[in-house]
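Peer 1: Generate coordinates for the entire structure from the input sequences, incorporating the hints supplied.
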Amino acid sequence: MSDRSTAALAPYGLRCAHLAEPMGVDDPAPLLAWRLASGRRGDAPARYRVRVWAVPAGASEDETQVWDTGEVDDPAAVSVRYAGAPLLPRTRHRWEVAVTAGDGATAAAGSWFETGLLGPAAWRASWITHDTGDLDVVDAPEEGELAIPDHGLQPAIRLRRTFHTAAAPVRARLYVTARGLYEMRLNGRRAGDAELAPGWTDYRDRIDYQVLDVTALVGAGENVLAATLADGWWSGFAGFDARRPGAHYGTFPELLAELHLDHADGSREVIATDGTWRTRRSPVRYADLLKGECHDLRLDTPGWDRPAFGGADGWRPAQVTGADRGLLTASVAPPVRAVAELPARTVTRTGAGRHRVDFGQNFAGRVRLRARGLTPGARVVIRHAEALDGDGALYTANLRTADATDVLIAGDDPEAVFEPRFTYHGFRYAEVTGLAELDAADITGVVLHNDTPRTGDFACSDPDVERLYQAVRWGQRSNFVSVPTDCPQRDERLGWLADAQVFLPTACLNADVAAFFAGWLREVRGAQSPGGAFTNVAPRLAGVADEGAPGWGDAGVIVPWHLYRVYGDERFLEDNLDAMCAWVDHVHRHNPDLVWRHRVGPHYADWLAPEPTPREVVATAYFARSADLTARAAEVLGRRDAAERYGTLAGHVRKAFAEHFVTPEGRVSGDTQTGYLLALAFGLLPGGLVRPAADRLAELVEAAGPGPTTGFLGVGLLAPVLDECGRPDLAHALLRRTDPPSWLHPLRHGATTIWERWDGYTEERGFQAAAMNSFNHYALGSIGEWLYQGVAGLGQAPGSAGYRELLVRPRPGGLDWARASYESVRGTVATAWARVDGELRLEVSVPPGATAIVHVPTGDPGGVRESGVPVAAAAGIDVLGTGAGTLQCRVASGDYRFTASEAAVSAAAPDAQNHRGAGPRFEEDS
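Numbers -17 to 908, taken from the numbering used here, label the letters of the sequence shown in order.
Each hint should be verified, as a subset may be incorrect.
[As the list claims (entries may be wrong)] Each pair of labels, with its calculated beta carbon distance range:
{"id": "1", "residue 1": "Thr258", "residue 2": "Thr197", "range": "20 to 28 Å"}
{"id": "2", "residue 1": "Ala857", "residue 2": "Ala685", "range": "46 to 54 Å"}
{"id": "3", "residue 1": "Pro435", "residue 2": "Glu323", "range": "17 to 25 Å"}
{"id": "4", "residue 1": "Glu323", "residue 2": "Glu53", "range": "53 to 61 Å"}
{"id": "5", "residue 1": "Ala2", "residue 2": "Val302", "range": "32 to 40 Å"}
{"id": "6", "residue 1": "Glu204", "residue 2": "Ser249", "range": "14 to 22 Å"}
{"id": "7", "residue 1": "Gly134", "residue 2": "Gly633", "range": "53 to 61 Å"}
{"id": "8", "residue 1": "Gly40", "residue 2": "Ala2", "range": "24 to 32 Å"}
{"id": "9", "residue 1": "Arg63", "residue 2": "Arg225", "range": "45 to 53 Å"}
{"id": "10", "residue 1": "Glu419", "residue 2": "Thr233", "range": "54 to 62 Å"}
{"id": "11", "residue 1": "Arg649", "residue 2": "Pro435", "range": "40 to 48 Å"}
{"id": "12", "residue 1": "Arg225", "residue 2": "Ala149", "range": "34 to 42 Å"}
{"id": "13", "residue 1": "Met754", "residue 2": "Ala2", "range": "32 to 40 Å"}
None of these hints come from the bench; they were simulated from the model. Even glycine gets a Cβ: it sits at the ideal position worked out from N, Cα and C.
Peer 2: Listed below in structure tokens is the structure:
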């Protein structure tokens, strides 16, 4: 449960544009948000006041107030959009929120944000790169084990610029981006901590830039601003199309940067990329996201990034490639960072100079290796893999054309630390060749992903279910690398829309992904065709940028709606509603009879389902869903005409679905689990057929083991819909199934992340087809949502947005205890229940300004007590009535402790007979 550290109402966790203390805000009206905490029941803000000041660079100048909301009466507010004087570029803004409770007590908290350049016109820099005519001399290729497969890639390049300043600046900011990947340095020290920057965008539409605070790195006198550039997504290998494996956007990387120095006297200097910079090839012989990275220390020039560098020979003038800056936008997502380190669990010698390392966890990242006993020119090779084959060797067949191999070539020093900077791999195991000795302390796994703050936590009494939860979390961490990818290991790593939309409810509970998805949705919109068709992947990529398939293209509607529901920020709808409308219009225009048969893209259906669902069932169900959510989004934004239009269309598509695919007995065409799940979850059945369809779904699940026969589109709906149908017992049974298809089958075979296939490996058949067999996908991990909302009971009520009203409805099943917490936009939400001494004890925490509908599991409502008092007499509780095995009540904010007799709970355990005839109830976003 949450630890309320304050007795009085107080704001905390301030964010601007969904980020804590962001630099480079280009939004003229950013969202300023705060969370609330209180140790008192029923506490809610009566009013708030937000003030914003512009902070000058020099200490001699006074702050200037640029906005004051005044006292605003709003007991539900936890955010406000900036509406003051126009924000100044390159300026830090301090802001404060004061919240006043009903008793008049006021508490305040402060934070800051900093604006970027606020538009492409403010830039002075030019794009620069190494002299593209400076080609290596060509010798006959070497053969044998010393040959280096450079994959046709060029070396990474170094760039440097010296400058002098009379005094150290009071503020120094580096505005920087690249076509490719960059790492900046100032006077020999790294600038910033972002990895794989500036990240992947469709560079034809938008190029993100970052802002780095480098004040502490600049001194009086001579300084050196330096950079290393590598291919990255811009000109390296990406995707899996053999006809277009690389150079999707350009052929060589380029840098754009400006260093702004503000001095105490009010003057400013700007050092920008131009033809005065000097370049040369770096010791990084090649660096590629899929192929790997090679460092040749024989080519190093120590001190190249510091003042008084004496090795300027061989450095050439940089080539200016253009001054086009119209596509520059400030990055809105948190960057990829090195967020954790994994020690080697075991190091095993497998041959002369060969060692196998097990990090104990499948993850995305790289290794840091301390290599000892090197001789000049010696080669150390690191290969990566997710699994081992039957002989204990690395299993790399499923990597396809991704080499995932890093190489170190020694210089004169007998010891070196090797850590690639411009690649990453998905792996658990590494094979190190070329070292006589390797200790576990010599090698470390470095975990990389977008630095999305952790917001949720779940635990329960079943170690297998806890391991499943951790596997779900690691799958998310491994695949949130610049964009929400499908997998981190093979030659793909694309932003598949369906994978993202089915996993999004789980992702939002695990971490604060608001800013991350705000950035990715810009790619989704940018990839949309003039006719309104979303794509299957974003950023779009040649060979896989077909018109979106059902469930894939629909992510352009589903993702913004769910983000609005979770974060309560209408900007997610404002930014995307026109694109949502265009998508629905596209489907409708090509399918006027309202059954989606035409323009279905590659139509992946219920991808990788053991039991296929008819494609027209899947497509038409998603057509109805997208029309319905578009209508809801328009209603939220007050666009009544659009709301009515798409609401009417959704009703017509629902009717068409029922007429074409549902029998009078409630059977859905194909008679598959996914068919019933889509029909029930999306509200596509006439009222009288809901119960028969729900019963048939339960029969199919029971007949399968009980087990799932769903693929990517159906799996996330399975447990929630069974729960709503009154069969949480079946959802719990699915959690415990160990034969494939099941969630525990991979764990029984050592999985630490979610697999792409239910049967990626079995004892009978071994590994599935290597052509598509990832051991680190997250789509099937969408069960994570039900662990929070079903098992622990931590959910949001229908019609609520931003957790204004919670729905606490735990499903104990056969567990002894479970708990979950979630840092919502309003504050900490938490539930915990346990069977103790013949009682079921349920604890609930509701943040200030919110309410909760609580379902206490019991067959004896009169025996339920809260903090030792009969529930009807407890403060802050309104008893609503009883349902099937529950007492239902509404509670105000605060902490609550309910108890119910264990015997009554056991008697109320759901089964098929108890619930037949009772109509299931579906949440707004099941």
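Peer 1: Using the beta carbons of Met754 and Ala2, state whether their distance is inside 32 to 40 Å or not.
Peer 2: At 39 Å between Cβs, range holds.
Peer 1: Taking the Cβ atom of Gly134 and the Cβ atom of Gly633, is their distance within the range 53 to 61 Å?
Peer 2: holds, 56 Å
Peer 1: Does the Cβ-Cβ separation between Pro435 and Glu323 fall within 17 to 25 Å?
Peer 2: Taking Cβ atoms as reference, Pro435 and Glu323 lie about 19 Å apart, which means the hint holds.
Peer 1: Can you tell me whether the CB distance of Glu323 to Glu53 sits inside 53 to 61 Å?
Peer 2: violated, 48 Å
Peer 1: Should the hint that Ala857 and Ala685 are 46 to 54 Å apart at their CB atoms be regarded as holding?
Peer 2: holds, 49 Å
Peer 1: Tell me if the beta carbons of Arg63 and Arg225 are separated by a distance inside 45 to 53 Å.
Peer 2: At 46 Å between Cβs, range holds.
Peer 1: Falls inside 40 to 48 Å, the C-beta gap from Arg649 to Pro435?
Peer 2: The hinted range 40 to 48 Å holds for Arg649 and Pro435, with Cβ atoms some 46 Å apart.
Peer 1: Between Thr258 and Thr197, does the C-beta distance stay in 20 to 28 Å?
Peer 2: holds, 23 Å
Peer 1: Quick one: are Arg225 and Ala149 within 34 to 42 Å, going by C-beta?
Peer 2: At roughly 57 Å between Cβ atoms, Ala149 and Arg225 fall outside 34 to 42 Å, so the hint is violated.
Peer 1: Starting from the hint 32 to 40 Å, judge whether the C-beta atoms of Ala2 and Val302 obey it.
Peer 2: Cβ of Ala2 to Cβ of Val302: about 37 Å, so the range 32 to 40 Å holds.
Peer 1: Given the hint of 14 to 22 Å, check if Glu204 and Ser249 actually sit that far apart at their C-beta atoms.
Peer 2: For Ser249 against Glu204, whose Cβ atoms are near 19 Å apart, the range 14 to 22 Å holds.
Peer 1: Range hint 54 to 62 Å: satisfied by the CB atoms of Glu419 and Thr233?
Peer 2: Between Glu419 and Thr233, where Cβ atoms are some 42 Å apart, the hint is violated.
Violated hints, listed in ascending order, are 4, 10, 12; each of the other numbered hints is respected by the structure.
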